[in-house]
Amino acid sequence: NAGVTQTPKFQVLKTGQSMTLQCAQDMNHEYMSWYRQDPGMGLRLIHYSVGAGITDQGEVPNGYNVSRSTTEDFPLRLLSAAPSQTSVYFCASRESGISSYNSPLHFGNGTRLTVT
Amino acid sequence: AQTVTQSQPEMSVQEAETVTLSCTYDTSESDYYLFWYKQPPSRQMILVIRQEAYKQQNATENRFSVNFQKAAKSFSLKISDSQLGDAAMYFCAYRSAIWNYGGATNKLIFGTGTLLAVQP
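Protein chains in written order, with the working numbering: chain A, 1 to 116; chain B, 117 to 236.
These aren't lab readings, by the way, just hints derived from the structure by calculation.
Possibly wrong hints are sitting among the right ones.
Partner residues aside, some chain B positions facing chain A, computed with beta carbon under 7 angstroms [said to hold, decoys possible]:
hint : residue
1    : M127
2    : E145
3    : Y149
4    : R159
5    : A169
6    : Q172
7    : F180
8    : K223
Even glycine gets a Cβ: it sits at the ideal position worked out from N, Cα and C.
Please model the complete structure; the sequences and the hints are all you need to start from.
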């Protein structure tokens, strides 16, 4: 009963380094998304995907790339890390379609990223 | 654009007492969904309760209930018989019910959260 799995749990990067945050779900959800959580700002949407091969930008997409080659996986790439990207990152998925229009988001356990 | 406001950054309640967390939202839409999520220190995001705007009856899940006032655009969460395990950050969230791609593109918009402390 894995649900949404994020790796790693913690990561420290130096400014300018790149990395990929991994996200996988085993619930066959079409919709997947990435949020970042910062103190006093709640959760803000970075990118989302409504199915394999389809991605779109959220509220704060700059500095992040995504791709969706399979239904299960939705990695988030930081091309050149900046201190402003220090945050907690959540991947989330949900069902979509006629029979699941009110379905809630299922979250991973988050990745705490620090950029020095 | 829709917004969600939680005006209480922090609240405190005595164990076994009742507490109400406030949430207001701004939208021009008539159909939407509202959610409360709990985030304990473990960082996990846990769905507490959800409400569909077209339903007049307030949602209830055990000790958790909502007071949904559609005209006032208010969606408060009441926690009865508070327990130590209720201590967490609570987020209110909104999602449109507009039928784009089966609702697939409708984003979940969060408030800034209320940190609830439970005193023994």
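Here's how the hints hold up against the structure:
{"no.": "1", "hint": "M127", "verdict": "violated, 16 angstroms"}
{"no.": "2", "hint": "E145", "verdict": "violated, 14 angstroms"}
{"no.": "3", "hint": "Y149", "verdict": "holds, 5 angstroms"}
{"no.": "4", "hint": "R159", "verdict": "holds, 5 angstroms"}
{"no.": "5", "hint": "A169", "verdict": "violated, 10 angstroms"}
{"no.": "6", "hint": "Q172", "verdict": "violated, 16 angstroms"}
{"no.": "7", "hint": "F180", "verdict": "violated, 14 angstroms"}
{"no.": "8", "hint": "K223", "verdict": "holds, 5 angstroms"}
Hints 1, 2, 5, 6, 7 from the list above are not met by this structure, while the remaining hints are.
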